[in-house]
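Whole structure, please, built from the sequences with the hints as guidance.
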Amino acid sequence: MPIAGPLELISAQAEVCLTDPERPVFHVHGVVTDADGKAWGGHFFKGGNPVHATVDIVMNEIKGGYMKWTQDDEIDLELPVPYSK
52 MPIAGPLELI
62 SAQAEVCLTD
72 PERPVFHVHG
82 VVTDADGKAW
92 GGHFFKGGNP
102 VHATVDIVMN
112 EIKGGYMKWT
122 QDDEIDLELP
132 VPYSK
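Residue numbers (the numbering used here): 52 to 136.
Heads up, some of the hints might be wrong.
With a cut-off of at most 30 Å between alpha-carbon atoms, the simulated DSS-like pairs for lysine-lysine come out as follows [to be verified]:
no.	residue 1	residue 2
1	K114	K97
2	K136	K89
3	K89	K114
4	K97	K119
5	K136	K114
None of these hints come from the bench; they were simulated from the model.
This is the structure in structure tokens:
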């Protein structure tokens, strides 16, 4: 759902998963506030969240841990699933 800006980023969390053939995909959720202080939350999409100034991002690697998008036929969704190489 597009929201007219300017908006302030309050928080975001994400996982970096792999797709076939091992292409990284960022799956990001976040919370923003509008000029009235109303909070909005949801998915962030590639190219749909321009930044006016800066955003600080910290990433941590889990050594030996990997996530891969896998189709779960039982619930008919693609989900991030841990795996080992």
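Tested hints:
| no. | hint | in the structure |
| --- | --- | --- |
| 1 | K114 <-> K97 | holds, 26 Å |
| 2 | K136 <-> K89 | violated, 43 Å |
| 3 | K89 <-> K114 | violated, 38 Å |
| 4 | K97 <-> K119 | holds, 19 Å |
| 5 | K136 <-> K114 | holds, 11 Å |
When the structure is compared with the earlier hints, violations turn up for hints 2, 3 and for no others.
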